[in-house]
Amino acid sequence: MEQIRNLIKEGKLKPGDKLPPEQVLAEKFGTSRPSVREALSALEILGITESRGGKGNFIKDTPRSPLYEQEVMELEEEESPFELLEARKALEIEIADLAVKKATLEDIDAIYESLHKMEGAMSNIPEMMEFDREFHMNIARA
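Counting with our numbering, you get residues 1 to 142 for the letters of the sequence shown.
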């Protein structure tokens, strides 16, 4: 992950650039494909890259402020993105369990509605992410 971030910082990879295939990255960095896959997932979680189904992985063209870079560095020092993802999964399981036990019909309708919105917005990532947030908030409210 750090090697790819360094290539971005050095300007060798720019926003919009397509990353080489996993096998090429693994050979270049002297590591395994699963390690590259993990690194790419972490970079996507951090908002640095994006996976475009069937087309490959690309450097996101969202400009990053120095404050964002500082926050990412602090996050990486404290917790890895995978640790945060594990914590989120554990919380979501507990929240979903409570929702199953306490949800009203209105709550269930709201959850399904946001799920359908999310499914309908798959080609518009920002909109899909907003509906994903709405979906999870509706589960938490239930």
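These are calculated hints, taken from the structure and not from any lab test. Don't be surprised by glycine CBs; every beta carbon is placed ideally from N, CA and C. Be aware that one or more of the hints could be misleading.
[As the list claims (entries may be wrong)] Result set (PhoX-like, lysine-lysine): computed pairs, CA atoms no more than 25 Å apart in a straight line:
id	residue 1	residue 2
1	Lys-12	Lys-60
2	Lys-28	Lys-60
3	Lys-60	Lys-9
4	Lys-28	Lys-18
5	Lys-12	Lys-28
6	Lys-89	Lys-28
7	Lys-89	Lys-14
8	Lys-14	Lys-28
9	Lys-117	Lys-102
10	Lys-14	Lys-55
11	Lys-60	Lys-101
12	Lys-55	Lys-12
13	Lys-102	Lys-55
14	Lys-101	Lys-89
15	Lys-55	Lys-28
16	Lys-9	Lys-28
17	Lys-102	Lys-89
18	Lys-89	Lys-117
[Stated by the list, open to error] Each pair of labels, with its calculated beta carbon distance range:
id	residue 1	residue 2	range
19	Lys-102	Gln-3	39 to 49 Å
20	Glu-2	Glu-113	15 to 25 Å
21	Ala-90	Gln-3	45 to 55 Å
22	Leu-105	Arg-133	19 to 29 Å
23	Glu-50	Lys-102	29 to 39 Å
24	Ile-93	Glu-130	35 to 45 Å
25	Glu-10	Arg-52	20 to 30 Å
26	Thr-104	Glu-10	39 to 49 Å
27	Lys-55	Met-137	29 to 39 Å
28	Glu-10	Asp-109	32 to 42 Å
29	Leu-98	Lys-9	13 to 23 Å
Hint by hint, here is what the structure shows:
1. Lys-12 - Lys-60: 14 Å, holds
2. Lys-28 - Lys-60: Holds, at roughly 21 Å.
3. Lys-60 - Lys-9: 13 Å, holds
4. Lys-28 - Lys-18: 15 Å, holds
5. Lys-12 - Lys-28: 14 Å, holds
6. Lys-89 - Lys-28: 33 Å, violated
7. Lys-89 - Lys-14: With Cα atoms ~32 Å apart, Lys-89 and Lys-14 exceed 25 Å; violated.
8. Lys-14 - Lys-28: 18 Å, holds
9. Lys-117 - Lys-102: With Cα atoms ~23 Å apart, Lys-117 and Lys-102 stay inside 25 Å; holds.
10. Lys-14 - Lys-55: 17 Å, holds
11. Lys-60 - Lys-101: 40 Å, violated
12. Lys-55 - Lys-12: 20 Å, holds
13. Lys-102 - Lys-55: 42 Å, violated
14. Lys-101 - Lys-89: 19 Å, holds
15. Lys-55 - Lys-28: 20 Å, holds
16. Lys-9 - Lys-28: 18 Å, holds
17. Lys-102 - Lys-89: Since the Cα atoms of Lys-102 and Lys-89 sit roughly 20 Å apart, the hinted pair holds (cutoff 25 Å).
18. Lys-89 - Lys-117: 22 Å, holds
19. Lys-102 - Gln-3: 39 to 49 Å: Roughly 47 Å apart at Cβ, these two residues keep to the hinted range, so it holds.
20. Glu-2 - Glu-113: 15 to 25 Å: The hint (15 to 25 Å, Cβ to Cβ) is violated, given that Glu-2 and Glu-113 are roughly 42 Å apart.
21. Ala-90 - Gln-3: 45 to 55 Å: About 30 Å separates the Cβ atoms of Ala-90 and Gln-3, which means 45 to 55 Å is violated.
22. Leu-105 - Arg-133: 19 to 29 Å: 23 Å, holds
23. Glu-50 - Lys-102: 29 to 39 Å: 36 Å, holds
24. Ile-93 - Glu-130: 35 to 45 Å: 23 Å, violated
25. Glu-10 - Arg-52: 20 to 30 Å: 24 Å, holds
26. Thr-104 - Glu-10: 39 to 49 Å: Roughly 54 Å apart at Cβ, these two residues miss the hinted range, so it is violated.
27. Lys-55 - Met-137: 29 to 39 Å: 31 Å, holds
28. Glu-10 - Asp-109: 32 to 42 Å: Violated: the Cβ-Cβ distance is about 51 Å, outside 32 to 42 Å.
29. Leu-98 - Lys-9: 13 to 23 Å: Since Leu-98 and Lys-9 have Cβ atoms about 43 Å apart, the given range 13 to 23 Å is violated.
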